[in-house]
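Chemist: Sequence:
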Amino acid sequence: MTSRDVKQLDVQLHEVDRGQVKAYKSKTMIDHATIFLSEHQHLYPPCTPEEERKLIRKIDFTLVPMLFFTATMGAVDKVSLSTAAIYGFKQDNNLVGQQYSWLGSILFIGSLVGMWPMSCLLQKLPLGKVIVTASLLWSAFTLLLCACHNFAGLAALRFLMGFFECIIVPGCTLVCGRFYCKGEISTRLAFVFAFASSVINGFLSWLVGYFNHSSVPPWKFLYILVGSISFLWGCLMWFYLPDSPINARFLSTKEKCYVMDRIIKQSNGGVETNEWNWSQVREAFLDVKSYIIFAFNICINIPNGGLSTYSAIIINNLGFNAMKSSLMGIPTGVIATLATIFFTYLCLKFNNRRCLIAIISLIIPVIGAAILYSVDQTSVGPQLVGLYFLYFYFAPYVVLMSLAQANTAGNTKKTVAYSINYLGYCVGALIGPQTFRAGQAPKYTGGFIALLCSFLLCILFSALYWWVCVWENSKKSNISLDDESSAVKSTDDSDESEEIYDLTDRQRKSFRYTT
1 MTSRDVKQLD VQLHEVDRGQ VKAYKSKTMI DHATIFLSEH QHLYPPCTPE
51 EERKLIRKID FTLVPMLFFT ATMGAVDKVS LSTAAIYGFK QDNNLVGQQY
101 SWLGSILFIG SLVGMWPMSC LLQKLPLGKV IVTASLLWSA FTLLLCACHN
151 FAGLAALRFL MGFFECIIVP GCTLVCGRFY CKGEISTRLA FVFAFASSVI
201 NGFLSWLVGY FNHSSVPPWK FLYILVGSIS FLWGCLMWFY LPDSPINARF
251 LSTKEKCYVM DRIIKQSNGG VETNEWNWSQ VREAFLDVKS YIIFAFNICI
301 NIPNGGLSTY SAIIINNLGF NAMKSSLMGI PTGVIATLAT IFFTYLCLKF
351 NNRRCLIAII SLIIPVIGAA ILYSVDQTSV GPQLVGLYFL YFYFAPYVVL
401 MSLAQANTAG NTKKTVAYSI NYLGYCVGAL IGPQTFRAGQ APKYTGGFIA
451 LLCSFLLCIL FSALYWWVCV WENSKKSNIS LDDESSAVKS TDDSDESEEI
501 YDLTDRQRKS FRYTT
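Residues 1 to 515 in the working numbering are what the sequence shown lists, from first letter to last.
Hints are computed from structural coordinates only; laboratory data are not their basis. Heads up, some of the hints might be wrong.
Stated by the list, open to error - Below are the DSS-like pairs computed for lysine-lysine, each with C-alpha atoms no more than 27 Å apart in a straight line:
hint, residue 1, residue 2
1, Lys-90, Lys-443
2, Lys-129, Lys-324
3, Lys-58, Lys-349
4, Lys-254, Lys-58
5, Lys-509, Lys-324
6, Lys-324, Lys-90
7, Lys-476, Lys-349
8, Lys-443, Lys-475
9, Lys-58, Lys-129
10, Lys-254, Lys-54
11, Lys-476, Lys-509
12, Lys-54, Lys-349
Here the structure is a predicted model, which is why all the values come from computation and not from measurement.
Could you build the full structure based on these sequences and the hints that come with them?
Modeler: Okay, structure coming up:
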């Protein structure tokens with residue numbers, strides 16, 4: 001942006017408190033989207049409703065599939081441990097006691113260690129390139145698992161996989177936030193994070209059952225397939241996955257202007273800036289909503305960690321062979337995906353009811369955990385129904401994560417908030433496999449009690465988050481009324497000035513939290 005443009009902005013801001021604007025300028029960077037729009041927007045007429053609908057469809061059918069398969073293959077790398085176990089993985093690598101459970105947990109220890117450096121890279125470097133580089137690395141580590149013969153080697157590679165896989169959730173969520181308005185994000189994230197990993201892993205695991213080779217066990221074929229597909233996809237995405245609308249190859253310059261203009265105006269949250277703002281870091285750590293989502297993430301991901309490590313073993317213990325166990329795992333992904341799409345659609349249909357919808361969706365996995373705990377294991381049908389009900393947990397997870405995205409503004413604050421969220425994800429997923437004790441096999445009573453308690457706590461935290469958002473909206477409304485009565489400034493001018501800068505949700509007086 002030229003010095004002339006900055007002077008023009010200062011004229012536009014004449015109604016805003018000068019001291020506050022000076023502080024904003026010294027601590028924040030004018031959004032890259034604003035610079036791009038100032039150079040190109042005057043070349044095109046305003047976007048019509050029909051053009052906007054076509055543009056959204058174009059992004060839906062181009063960007064969402066890119067993010068979906070990138071995120072899914074990262075998840076397949078992770079959940080393939082469960083099906084590898086029923087193909088002799090534990091025996092071939094001489095795993096004893098809780099060593100297998102620790103292989104499930106250590107991936108999330110790697111994520112905990114990698115969370116902060118990877119979050120900084122997301123903020124400082126091109127977003128798309130960081131995601132793809134991480135994808136290529138975790139794919140390479142998946143392939144290297146085939147060369148391991150003991151717990152130490154497997155643990156080292158699983159740790160490194162977790163170190164780089166931690167970028168999936170915050171990275172893909174940030175990309176969505178740069179292309180969609182906050183009311184549209186939850187539905188798109190439902191597709192991006194659809195539980196297709198169980199479907200793909202189940203199919204590939206079933207397929208390797210036909211690979212009969214005396215020197216290469218089926219679990220190694222599984223990792224070769226998963227790692228190779230993921231690596232080839234990463235190579236393709238290096239050229240096509242965008243950082244933001246500014247460098248999206250599938251959008252024309254006109255379409256880029258329309259995308260950024262609608263996000264700035266409707267979301268009031270900016271598109272992109274690489275400036276690291278320490279005041280936003282402080283605000284993220286002082287925001288009580290960050291800690292509620294953190295606690296929710298711990299509880300909801302205890303089932304995630306436990307099931308990703310033990311689901312195939314649980315099915316196998318019901319009397320199915322390895323190939324049938326792989327196939328019986330496919331419905332878990334289908335159920336989780338359909339549940340997520342259905343409940344996120346309800347979020348779109350019923351505005352400001354996301355917390356309530358999350359609470360309702362949590363009732364189903366509560367029933368599932370109760371069935372698995374109380375019904376005898378010889379009753380195969382009820383046990384499978386209970387197991388499939390557990391996978392409804394993914395719907396409230398996506399709903400609450402999209403809510404956290406919608407309720408956070410400011411690029412640095414978003415990055416820090418996602419890091420806090422991911423910390424909760426890692427802690428919960430780390431705990432999950434440890435609740436399944438080797439000495440309790442095949443019933444795993446402690447594991448199912450832990451799942452039941454986790455879901456009940458998630459209901460509590462969803463209700464608490466709802467109440468805090470309502471309370472903070474009330475505070476903001478009261479402040480706005482006081483400003484109006486004192487006639488200090490025009491609301492319209494204030495709203496327009498807020499769009500220019502990389503401000504947080506608390507700094508934006510017109511920002512209201514979604515519930």
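Chemist: So, for every hint listed, does it hold in this structure?
Modeler: Quick rundown of the hints versus the structure:
no. : hint              : result
1   : Lys-90 - Lys-443  : holds (19 Å)
2   : Lys-129 - Lys-324 : violated (39 Å)
3   : Lys-58 - Lys-349  : holds (22 Å)
4   : Lys-254 - Lys-58  : holds (14 Å)
5   : Lys-509 - Lys-324 : violated (57 Å)
6   : Lys-324 - Lys-90  : holds (19 Å)
7   : Lys-476 - Lys-349 : holds (25 Å)
8   : Lys-443 - Lys-475 : violated (50 Å)
9   : Lys-58 - Lys-129  : holds (22 Å)
10  : Lys-254 - Lys-54  : holds (13 Å)
11  : Lys-476 - Lys-509 : holds (7 Å)
12  : Lys-54 - Lys-349  : holds (21 Å)
Against the hints set out earlier in the document, violations occur for numbers 2, 5 and 8.
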